[in-house]
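Residue numbers (the UniProt record's numbering), protein chains in the order written: chain A, 1 to 189; chain B, 1 to 205; chain C, 1 to 320.
Because the hints were derived from the structure by calculation, they are not lab data. Cβ coordinates follow ideal geometry from the N, Cα and C atoms, glycine included. Mixed in with the good hints, there may be bad ones.
Listed next, the in silico PhoX-like pairs over lysine-lysine satisfying Cα-Cα at most 25 Å (straight line) [stated by the list, open to error]:
id : chain 1 : residue 1 : chain 2 : residue 2
1  : A       : Lys170    : A       : Lys159
2  : B       : Lys142    : C       : Lys316
3  : A       : Lys72     : A       : Lys137
4  : C       : Lys295    : B       : Lys175
Reference listing, derived: stretches of chain B covered by chain C, where coverage requires no fewer than 3 residues with Cβ under 8 Å from a Cβ of chain C [to be verified]:
id : region
5  : 41 to 50
6  : 77 to 89
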Amino acid sequence: MSPVPGHGLAKGLAVTLRTMTRRSVTHQYPDAAPHLPPRSRGVIALFEENCTVCMLCARECPDWCIYIDSHKETVPPAAPGGRERSRNVLDRFAIDFALCMYCGICIEVCPFDALFWSPEFEYAETDIRELTHERDKLREWMWTVPTPPALDPGAEEPKEIAAARKTAEKLAAAQETAAQQTETPEGGA
Amino acid sequence: MTLAAGHPGFMSPTGVEIAFVLVGIATLGAALVTVTTKQLVHAALWLVVALGGFAVEYLLLTAEFIAWVQVLIYVGSVVVLLLFGLMLTKAPIGRSPDADSGNGWVALVVAVAAAATLVWVVVDAFRSTWVDLGGAAQGSAKVTGAILFRHWVLPFEALSVLLLAALVGAIVLSKRGAPARRSLLSKSEALPMRGVPSERKARES
Amino acid sequence: MNGTLDVILRLVAVLVVFLVLPLVVGQTEHKVMAHMQGRLGPMYAGGFHGWAQLVADGVKFAQKEDVVPEGADRRIFQLAPVVSLLPYLLVMIAIPVGPHGFVGQSIDAGLFFVLAVMGVGVLGSLMAGWASANKFSLLGGLRTAAQLMAYELPMLLAGASVAMAAGTLSLPGIVQAFHWWWIPWQIVGGVVFFTAGLAELQRPPFDMPVADSEIIFGAYTEYTGLRFAMFLLAEFAGIVVLCALTSVLFLGGWHGPWSGSLGWLWTLVKTGLLAFVVIWLRVTYPRLREDQLQKLAWTVLIPLALAQIALTGIVKVVTS
Numbered sequence: 001m002s003p004v005p006g007h008g009l010a011k012g013l014a015v016t017l018r019t020m021t022r023r024s025v026t027h028q029y030p031d032a033a034p035h036l037p038p039r040s041r042g043v044i045a046l047f048e049e050n051c052t053v054c055m056l057c058a059r060e061c062p063d064w065c066i067y068i069d070s071h072k073e074t075v076p077p078a079a080p081g082g083r084e085r086s087r088n089v090l091d092r093f094a095i096d097f098a099l100c101m102y103c104g105i106c107i108e109v110c111p112f113d114a115l116f117w118s119p120e121f122e123y124a125e126t127d128i129r130e131l132t133h134e135r136d137k138l139r140e141w142m143w144t145v146p147t148p149p150a151l152d153p154g155a156e157e158p159k160e161i162a163a164a165r166k167t168a169e170k171l172a173a174a175q176e177t178a179a180q181q182t183e184t185p186e187g188g189a
Numbered sequence: 001m002t003l004a005a006g007h008p009g010f011m012s013p014t015g016v017e018i019a020f021v022l023v024g025i026a027t028l029g030a031a032l033v034t035v036t037t038k039q040l041v042h043a044a045l046w047l048v049v050a051l052g053g054f055a056v057e058y059l060l061l062t063a064e065f066i067a068w069v070q071v072l073i074y075v076g077s078v079v080v081l082l083l084f085g086l087m088l089t090k091a092p093i094g095r096s097p098d099a100d101s102g103n104g105w106v107a108l109v110v111a112v113a114a115a116a117t118l119v120w121v122v123v124d125a126f127r128s129t130w131v132d133l134g135g136a137a138q139g140s141a142k143v144t145g146a147i148l149f150r151h152w153v154l155p156f157e158a159l160s161v162l163l164l165a166a167l168v169g170a171i172v173l174s175k176r177g178a179p180a181r182r183s184l185l186s187k188s189e190a191l192p193m194r195g196v197p198s199e200r201k202a203r204e205s
Numbered sequence: 001m002n003g004t005l006d007v008i009l010r011l012v013a014v015l016v017v018f019l020v021l022p023l024v025v026g027q028t029e030h031k032v033m034a035h036m037q038g039r040l041g042p043m044y045a046g047g048f049h050g051w052a053q054l055v056a057d058g059v060k061f062a063q064k065e066d067v068v069p070e071g072a073d074r075r076i077f078q079l080a081p082v083v084s085l086l087p088y089l090l091v092m093i094a095i096p097v098g099p100h101g102f103v104g105q106s107i108d109a110g111l112f113f114v115l116a117v118m119g120v121g122v123l124g125s126l127m128a129g130w131a132s133a134n135k136f137s138l139l140g141g142l143r144t145a146a147q148l149m150a151y152e153l154p155m156l157l158a159g160a161s162v163a164m165a166a167g168t169l170s171l172p173g174i175v176q177a178f179h180w181w182w183i184p185w186q187i188v189g190g191v192v193f194f195t196a197g198l199a200e201l202q203r204p205p206f207d208m209p210v211a212d213s214e215i216i217f218g219a220y221t222e223y224t225g226l227r228f229a230m231f232l233l234a235e236f237a238g239i240v241v242l243c244a245l246t247s248v249l250f251l252g253g254w255h256g257p258w259s260g261s262l263g264w265l266w267t268l269v270k271t272g273l274l275a276f277v278v279i280w281l282r283v284t285y286p287r288l289r290e291d292q293l294q295k296l297a298w299t300v301l302i303p304l305a306l307a308q309i310a311l312t313g314i315v316k317v318v319t320s
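Chain A with its partners taken away, still in its complex shape (with noise of 0.2 Å):
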């Protein structure tokens, strides 16, 4: 119990009076962008010069709101002589923002870093069946997507960089290697 009655009373009316002298905290949206942290999760952005159309994404998606149609091309052979190698074109690449539950295991399963999360959240529509994105609109988005943020002091190396340092020092290795085996025989590689 307090000292003095109305003690609690009084201090009820100070926090409100302390509150109304200090700056508020609300944000204006429309008028001023929100800021938003990193990794935020507005919506999904296609980078679909890396997309190989390997169809992982769609399998793994929980609802099903990954839409993809593709058809195969032949690519000549790369040398003379070679074999022709098919290589999968993408026609459609389309998400149904509707449907779509934001868990973003389509990002975390593509093999080839084609998805991303774009902090832009203003994609409203009046009509639920615009909410499906089209190709362009995803790879529109994929200008939107920040820099990972800088990884925390200390931490462990990101496996891909890793592993791409492994093989290039391998390769490396393997050149110097050569190099010394070419030092009599013949020379370039």
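Fit chains B and C to the supplied structure of chain A, relying on the hints for placement.
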């Protein structure tokens, strides 16, 4: 007729007098509707109109203080109490014919007798005395207070004793119900769910 | 002719004040409440910091359909908002703003007039509560009536204390008789008066009759459009009236430095400060429960008011 010769007559009424009569008629009408309407809450609201009419009549007689006390006590408190009671008993919207007690004729007789007595007393007391309203206000708070506490102290005090008796009576009536409530309380205490620990502690200490 | 013109001018001035001040208080409430909760409040209507928010609200209310529930008592339902709003307009006529007859109409028993007419305003809520044919409205009406009966008494007693001190019932007369040492002398009465007035207006923390989390909006649940707006306007007009009355009765109205020429400003400033306190209390305190409400009135406010009257009487007898 000789009496009226020196006074302003009833034949050439002033504006205030006309207003007085008109408001009087409206008040009487509202009072009649109050007792004849079959809708309970409407009766209470018509009572508000009638009491307000009385206040206006007092005002027209320059008895300002009495008028506002009339509004304050009767409209502001008594009718609110009345409405409270009506709402508490869930007065229905629309007619409630079962609310008629059938004592209408007795009530009419009492009302007529009371009205006749009052009118007779007033007429007998004042006859054709002419009170001039144009001069200093005789119903102002100051005058009313002086008259009340100089000439009419005894009736005033007697009335306060009456009110005190009513107050004591109300307390006694409400106390009679207390044992029953206490037994209810002890019953609720016996239930394990109801006893809040802090409350119980407070009661023990 | 000159007299008639004078009366008309005064009435028009009162009407203008009646229409403007409640809106100012309402807007202040929007903003102060918002900032006390760390928000900004209305920012758009009218451009600069949402100053026209209540005007916009009024336009919105005017556009809405005026619905009367099927089972309601039509006539009483429609009459109730008027009954609750008009008394405050009448009260404003009697409140003195400045010295030298700066008042709508000086009334001999002004204090009683004001308290009586304010009491009538609550009839509107009762009528609305009963006529809406809605259980929540009926509950709201019941609570309004219970609250009114409990708080009318301390308010009257506190007012009577000031009347005793001044030796008059006329509001300008009371202000005329004011001395600075009345403030410590009558402070208890002032607090009781203000608190009881808040309860009579059903302002938080005494807003049990309209407790929106349990009985929707009490007696006003079924109202729409302009009639609902009238109830809201009545609430804000009630705040203005209560604050003006408290400043006139207990804070000396127009008294202050340069009161000869700036008296009206002093009254307005005091009223405004009290209105701020009303809003402040609303933001700070949670709603009182029904039994706490009754307990506060009967066991705290009425004894305090009676003690104040006794004190006033003693001082009056000793000094005279």
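Quick rundown of the hints versus the structure:
1. A:Lys170 with A:Lys159: With Cα atoms ~16 Å apart, Lys170 of chain A and Lys159 of chain A stay inside 25 Å; holds.
2. B:Lys142 with C:Lys316: Holds: Lys142 of chain B and Lys316 of chain C sit about 18 Å apart, inside 25 Å.
3. A:Lys72 with A:Lys137: Distance of about 24 Å is within 25 Å: holds.
4. C:Lys295 with B:Lys175: Between Lys295 of chain C and Lys175 of chain B the Cα gap is close to 18 Å, so the pair holds against 25 Å.
5. 41 to 50: holds (count 4)
6. 77 to 89: n = 9 at 8 Å, threshold three: holds.
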